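Engineer: Below are the chains, spelled out letter by letter.
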Amino acid sequence: MTAIVEVENLVKRFNEDVLAVDGVSFTVEEGEIFGFLGPNGAGKSTTINMLTTLLRPTSGKASIAGLDIMTQQDEVRRVIGLVPQDLTVDDELSGRENMYLQADLYDVPRDEARKSIEDLLEVVDLQDAADRLVKTYSGGMRKRLELAEGLIHHPRILFLDEPTLGLDIQTRAAIWDYIKDLKAKHNITVFLTTHYLEEADGLCDRIGIIDHGKIVALDTPATLKRSVGGDVLTIGVRSEEDLTDLISSRPGIISVRKEDGVYRAKAVHGEAATPEVLKAIWEKGIAVTSVELSRPTLDQAFLEYTGRSLRDAEQSGSFDKAAAARAMRRRR
Amino acid sequence: MLWQTLALTKRELKHWYRVKVQIFMTIIQPVVWLGLFGQAFNIGQLFNAPGMPPGLFQQAFSGAPNYFSFMAIGMLAVNVLFTCMFSGMSIVWDRRFGFLNKLKVSPIPRGVIPVSRIFSTVIRAMIQVVIVFAIAIAFNYVPGLTGLGLKEGFGIVEVLGSFAMLFLLAVGFASLFTTIALAVENQETLFGVINLINLPLMFASAALFPTALMPDWLKGVAEYNPLTLAADGLRQLAFVDAAPIHSMWFNIIGLLLFSGALISLSVLTSRRLLSNR
Ligand SMILES: Nc1ncnc2c1ncn2[C@@H]1O[C@H](COP(=O)(O)OP(=O)(O)O)[C@@H](O)[C@H]1O
Ligand SMILES: [Mg+2]
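Line order of the protein sequences matches chains A and B. Counting from 1, position 263 in the first sequence corresponds to residue 263 in our numbering; the numbering is continuous, with no gaps. Start counting at 1 in the second sequence, then tack on 332, and there's your number in our numbering.
So here's chain B without its partners, still in its complex pose:
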């Protein structure tokens, strides 16, 4: 079963890395986002107006030294979301071109079909995460740009902890979108659903802006968005955060539940969603 899952995961990854444009996009997309979005919105300036108490920015922005640093961490989580939203796209294509029938007549457990897509998406998301992280750090060495400023003592434990949380986030989102792809009949519907949930997920979270500045109703939702759990956890590792949204344990357990529940859902529903009528 594991062997079959790996074989199909390999197929997915081959499809991905054989298209050179996709490799290029994987690298260029975070540069554009970090470069434009992160550098243009220098919100930190606003807090330096005369009469403002010192340290107010750090207090509101999880102890980040500047907005770029705050956003770069959130961008790691957002990138996971964006990589994962097309997980399962290949199921729609495979259904269209008959390859899914080949999988369905083979004696593989049905759950292997979504899980292989989830694995390959998670691998891609983690590659993307490494790239975003490296670029954000590299900006420190480009004259005229702000780079990701990390707390003193940020080391291997913090790196591994961050990747572990992003990994759980990726498993959860990849499972979510793969299950949606299993359930929908065609590509148009899938795009519709992705568009519908994608932006709200991103904006109703602490990924790009602190939840503290949101109206109460939105804050209530945003604080439990998995993107927030990951971003909040990561920021506690990256900065000296005086006022985190949740405790570290809450974030970790939340992400474990999120990923565990959604991958189970994907496996459990696959039997029914892939069954013949």
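Just chain A, same shape as in the assembly:
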């Protein structure tokens, strides 16, 4: 495997005080689907915008297919495709006209363009709607059109910034299938960002967890989940007494934390540890009110590395700030 994206200590600072990207380093291998998972405001879009030459990094280095993003911008632009977070298709043109315009911008010869446009429209199921003005399209259709547009010039790497943001569950699942299909057909590398766990989990070969502009973990979804340290046993009891030590003394239990009145214990083998723990509590004459055994999820991995769950991160102020910043950028 060879690296197609190489990033070294990339930093982006806005107006002196906002450190949007705080020194990230990573590589993306040719042919993989690489994902950035992080809450709103984590610095995902800012990173993508720097890699796609839309923003100038404050410091650091990055190259795409061996081309420097600062000094070889034109060459970089030829090998990348971008589907930005905010829709950019032209509402007043038809789907097909949008595709042809995109082909023209990339100097794709007419014959070749015609063929790949029809192929791509077919993959994203837009042949029937292709001659309608885009302003009559639904959100999912627009996103599919953008996906197809991003591939007209046969880029070596496709950047997808939050490809399913704001779409309903079914549409989201459909988009995932389109992404997989397109990737298989065109044999390209995909770099995507998301704040949906299922998306990162189901679609990506490797995930970088990004928070406050820093990559806090980077690995395959399976390894990330495993690194959380096994299964999680959640036990609720009817007692004021502190059972932390009792539970952690049982065989197979790695650690215990008391949160919101329940105990969360990590175990190497949840099935084996559960009866042991229940038995110990029961023997003390304390009533167990609830038991839950869960396999490690990406959300737990996220919690482990960032100290908060992705859902909490979304609800804390950062969401509104990011939305406001985006609105501001749109206005400029």
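Since the hints were derived computationally from the structure, they do not count as laboratory data. Take the hints with a grain of salt, since some may be wrong.
Unchecked claim - Cut-off 27 Å, straight-line C-alpha distance, at most; resulting in silico cross-link-like pairs (DSSO-like, lysine-lysine):
1) B:K346 with A:K135
2) B:K346 with A:K115
3) A:K115 with B:K342
For clarity, every value in this text was computed on a predicted model and none was experimentally measured.
Fit chain B with the ligands to the given chain A structure using the hints.
Structural biologist: Using the frame of chain A, we list chain B with the ligands on its own:
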């Protein structure tokens, strides 16, 4: 590069002609201007008062047979200005709706972005010019209205010469307003700037009134207004003008410099104005 420019020019024109109201406005606006303004201000009457030497009007108004004819020619130039002032408006919209980012990640030279807007605006301005010209001539055949009276021998050379000068004027103004649109951050600022320079440009020129009647300070400015260069040149072609403001060559070279300098400025600044921060 040319291909990409044409593709984007086509997009601009599609946006324009797909909105039926805009086609309607393109035709109706000159009718209203020529009809109301040109017919109502029959300034020529004033010069026919008893005791006035004959031919005074023609002398003051570039040899035009009547005020309507004088104004109709100026209106061709003013129409170019008015069509061009919204050139670049689409850049502001594209910035707002993200389309500009799509152009910026594509490998097109940055200058293609303003130049495509300039091209499409110039095409629209020239269409408008043809319409205004046709309407002004057509007024000759409407009973009760004054039409555009041209000199004897006005032919194909004069038509082509007039269009060439209006073309240069359009390139210059479209470039000017497109560059402004590239530089401003939002629509409100753009409107503000347009309003600020638009009317002074129109009135401080020979387009609607002869500069000879202006106070000296204003005349000094107005005589070098590109609108004046175009209007003066056009009138020398349309009428027998005994006292032109400039020589024909001065007007042509002036317009060439005006359009050449401003389109170059637009291309040269686009790299910086569209660069990422
Ligand atoms: N143009 C900008 N000016 C100032 N701050 C910005 C700008 N763009 C992004 N930010 C800030 O940088 C941080 C990261 O934003 P962003 O990369 O959009 O996050 P994400 O895509 O992960 O949601 C946020 O705090 C955001 O408010
Ligand atoms: Mg984002």
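Engineer: State for each hint whether it applies.
Structural biologist: Here is how each hint holds up against the structure:
no.: 1; hint: B:K346 with A:K135; verdict: holds, 14 Å
no.: 2; hint: B:K346 with A:K115; verdict: holds, 24 Å
no.: 3; hint: A:K115 with B:K342; verdict: holds, 22 Å
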